[in-house]
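Novice: The lines below spell out each chain.
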Amino acid sequence: MEPLNRIIEKSKHLSFDLNYTYSKQWKSADTSRILVGYLPIYFPREIVHAANGLAVGIFGVGDRKQIIRGDAYYQSYICHLPRGVIEMALDGSLDKFDGFVFPAICDCIRNLSGMFKLEQKGKFQRYFDYPQNFDLSIGGEFYIQEMKHIIGDMSGINRVQVTDENLIRSIRLFNINRRFIEEIYNIRQEYPWRLSAVETYYILRAGTSLPVEEHNEILKQVIDHLQNERGEPMDNIRIVVTGSFCEQPPIGLIKSIEMAGCYIVDDDFMLGSRLIQGNINSDTGNPLSALADAYINQSAFSSCYYDVGNPKGKRLVELVKKRNADGVIFSAASFCDPALLDRPQMQKECDIAGIPHINFQFHENTGQFKVIKEQAGTFSDSIKLWA
Amino acid sequence: MGVKPTQPSQREGLKQMQVYKNKMDQQKIQNKKTSLPPLGGGGTAIKENSMILQKDMLAKQFNELSRAKELGKKVVYTFVPGNLTELILSFDLLPVYPEINALQSGMRKKSAAYIRDAEKTGHSEDVCTYVKCDIGMMLNGNIGPTGEKLPDPDLLLLSYTGCFTFLKWFENLERLYPGVPVAMLHTPYQEDGKITDEMVQYMVRQLETEVIPKMEMVSGKKFDKSRLSEMMKNSAKAEDLLVKVLESAKRKPTPIDAYFAGVYYIGPIFTAFRGTEAAVDYYTELWNEVQERINLGLGPVTPEGELNEEKYRLVVEGPPNWTHFREFWKIFYDIGAVIVASTYTKVGGVYDLGFRHNPSGPLESLSEYCMGCYTNLNLPQRVSLIEKYVKDYSADGFLINSVKSCNSFSAGQLMIMRQIEQRTGIPVGFIESDLVDPRYFSYANIKNRLESYFQMLEQRKIIMTQGV
Ligand code: SF4
Ligand code: SF4
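For the protein sequence lines, the chains are A and B, in the order given.
Following the numbering used here, the numbering of the first sequence begins with 1178 at its first residue and continues without gaps.
Following the numbering used here, the numbering of the second sequence begins with 12 at its first residue and continues without gaps.
Heads up, a few of these hints could be off.
Interface residues of chain A toward chain B, partial, derived using beta-carbon atoms under 10 Å [as the list claims (entries may be wrong)]: (1) F1193; (2) Y1250; (3) C1283; (4) K1300; (5) H1326; (6) I1328; (7) D1341; (8) V1375; (9) D1460; (10) D1514.
Hints in this document: simulated from the structure, not taken from any laboratory.
Beta carbons are placed, not taken as given, at the ideal position from N, Cα and C, and that holds for glycine.
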C-alpha cells in the first residue's frame, strides 16, 4: 500500500496539471483510445469509458494559470471559469482531446459550447442538454438520445461500438467509485481530522483525469488508511459548504475555512463525481435506461436542476442533519446566477430549521483570504459560544 | 410640353400622401412637448394609428387582468421567449409576462427601488436584474404598469426557452406563491444548429402530458385543438405582416428603426396578442403606415421627430437599456444613426427566417416555435444570422449592447463581434449597460464610446467613397 501522504501528493499534482499530461499519456498508449473533456457539473462518464475513452474534467484554471487571452473573450461581469477554459483552448492545453461535452447547467457553459464550435476545438463539441422533465418515458427518453449523440460522436472517431456488456461493466466500475467516495465522506463525518477537506478535494479531483479503475484503487487505499487514526481532533465546528459546484474555489479558500476552526463535513466542490447517489442498476439489459433512471431519480440537489416538488433548500437542511453539521457556508462564485439565485431561498430554509449560516463569494483566482478567514472564524466562535 | 395630367388613382395617392404629411407635420409640432410613454403605453411620441391601437389593446389587457378575479378568469405567469400564447388563450386564460413588467418598471423609473428591495432579501448584486426587479415589484404589492394590482397567478408556466435564469426565476416565484401549480416545458437547445424530429416529439409529449393537463385543470376546460389551430391562422397572418415591416428596413432610407422602434412593433406578437384578430389588425395598420412612409420616402419615426438624414445603418445585437431608453435612442438620432436590423427583436421568434405558426400541426408548430427563438440558437447560428443581416440590410456597422444581466445574450458576444468583423469587414462597436438596473447605465461613458464609434464609421465612409 502506498503511504497516504504520497497518494495525496500525487492526487494534488493530478488535480492541477492543466496540461492533462497523465490523461494524454493514457491516450497515447493505444490508438483506439479517446479523450473527452467535460465541463461541470455532471456527465455520465460511463458512456465514455465503455467507448474505450477517458472522460476528463475541465474545471477551470483556478489560480494556477495566468489568463492572457481568455479575458478578451469575456466581459467583466461574467464568472471566471469560462475565461480559463478558453485560455486553455487557445494555448494548446486541450490539444489531443477528441471532443468536449458541455453539460446544460447555465448559459455561460451553454454559450461556451458554441465558442468551441466556432473555434473548432476537438472533433466534436456537444452541449449535453439535461432534461428538465422528470418523467422517465419523456425526460428519460430525451436523456438517452442525448447520450446516443455522444456515443455516435465517439464511435465516429475510434470505431468502437458501445455494447450493453461494456456499458454494464463501466457502470459497475463507477458504482464502486461512487461507493468509495461516499465511504470517505462517511469516515470523515465521524473523524474529520483524519483527512482534511483540502486533501479530500485533491483525491476526488484527481479522479476526473484518471481511468476509473486507477482512481478506484487510490480510493480503496485511502479508505484503508483512514481506518487508522491520523491527525488530532480539534475543537472545531462542523459545517456544510454549498454553492461551489462549478467554478472551483481556490485551495486557499478551503484551507482558510478549515484553519478558521471549521470541519467541512460535506460540500459540493466535486459534485459531478457524487451527483448520482447510490448504485446505478447494473443488472439490466438496458444500461442506457439505467443511466437515465439514475439521473432522474437518484440525483443530489444542485442549483442547476429544476427542483419544484423537491426543493433544494429542504434537501440542504436534510444534508446538514445527516452530517450532523452545526452550520452552512454559502460559497458561490461571483456572477454565478444559478448559485446566487438559489441562495436566498436556501438561507430561508436554514433559518426555518434554525441552522446558522454565512455567505461569501469568490473567484477561482481569488488570492486574498483574510476576510473570509475572519468571517469563518467569527462564525465558528459564535456557534461554539451558543452551543 | 405641358404637365401630364395625373391619373385618378395617382391623384388619390398624392392626396393621401398630403393628408399623411400634414398629419405628420402636426404631430412633429406636438412631439416637441410629448415625452416617450412607457413601452406598451402607446409607443413613440408621434401617435400613428398603430400606436393608438396598441395602447388600447394594452389598456384592455391590463384592465382585464386587474378584474380577473371578478371576471372569473384564471391567470398564467409565463415568459416571452418561447411563449405559448395561443395555447393559453385557447383555454381563455390570461397571460402575464414578468419580463414585460420588469422592463416597464425600468421605463417608469421604478426598477432601481425594486431591485434594491430584492437585494435586501438576500439577492446578490451580481444576478439578472429582471428577476430582482420582478421580485421587488411583488414585494411592493405587484402593481402593474397601469397602476393597478396584477392578479396572483393560478398557474406558473415555465417554458424556459434560451435562458437558464428563467428556471431560477420561477423557482423563486413558486416559493412566493406556494401551492400554485407549475407546468414545466423544457425546450431543447439547438446545440447542433437544427431542430430534429426527436426534439419536436420530446416537446409535444411534454405539452400533452404536462402543460395541457395543467391548463385543463386550472381553467376547467377541455383542450380544444381546432380552436388552437384557428388562432394559429391569425398568428401566421400577423407574422407575415411583421416580417414585411421588419424587412422594410432593407430600403434606403429605411422607413423604420428596427431596434428602438422595433421593440414597440414586436410588442403584440411577442406577448398576449399572438393568435388574436386584434394582432392582425394592429399589424395590418402598422404595415399600411410603413408603406405610406415608403411611398413618401420618409425615414423612421423617433421620439425626437422624424429622422431626416440616414447617415449610418447599423445592426445591433443585445437587448436595449430600459431605464434610459429615450436618452439612449437620442444618441443615435442626434448623429443620424438608424438601426436596420436587431437580434433583440427576434427573442420571441425569428420569423424573418421563415418560421410561421402552422395550424395543421399546432403542437408540433408551437414546439418548433419555442426552439427557434433567437437565444435558443447556438453561437454559430447567431453569428450567421447577424452576418446575413449585415449583408441583407446593407449595414455600415455592427454594434453590441452587452447587458450585464443577461448571460444568455452576453456570454460569447465578444467572440461574435470578432467573427462579424472578420466575416464582413465592417466596423464593430461594443458598449455595456444593463436592462433595468440604472447603476449600470453610464450615459457619459456610453455616449463617449458611441461617438468614437460613429467617428470610425465616418472615416470608413470617407475611405470607401474615395475608393481607397
Ligand atoms: S460558475 Fe456558475 S455561471 Fe459560471 S459557468 Fe459555472 S454555473 Fe455557470
Ligand atoms: S438572463 Fe436574460 S433572458 Fe434570462 S431572464 Fe435575465 S434578462 Fe431574461
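Novice: Confirm or reject each hint.
Specialist: Tested hints:
Restraint check, F1193 of chain A versus chain B: the minimum CB separation of about 25 Å is more than 10 Å; hint violated. Interface restraint check: Y1250 of chain A against chain B, minimum CB-CB distance 5 Å, threshold 10 Å, status holds. A hinted interface residue such as C1283 of chain A counts as satisfied when its beta carbon comes closer than 10 Å to some beta carbon of chain B; here the least separation is about 5 Å, so the hint holds. Checking K1300 of chain A against chain B: minimum C-beta separation of about 14 Å lies over 10 Å; hint violated.
With a cut of 10 Å, the hint placing H1326 of chain A at the interface with chain B holds, because the nearest CB-to-CB distance is about 8 Å. Interface restraint check: I1328 of chain A against chain B, minimum CB-CB distance 15 Å, threshold 10 Å, status violated. Because the smallest distance between the Cβ of D1341 of chain A and any Cβ of chain B comes to about 21 Å, over 10 Å, the interface hint for this residue is violated. A least Cβ separation of about 26 Å between V1375 of chain A and chain B goes past the 10 Å threshold, and the interface hint is therefore violated.
Below 10 Å, beta-carbon pairs count as interface contacts, and D1460 of chain A has none with chain B, the closest being about 28 Å; its hint is therefore violated. Below 10 Å, beta-carbon pairs count as interface contacts, and D1514 of chain A has one with chain B at about 5 Å; its hint therefore holds.
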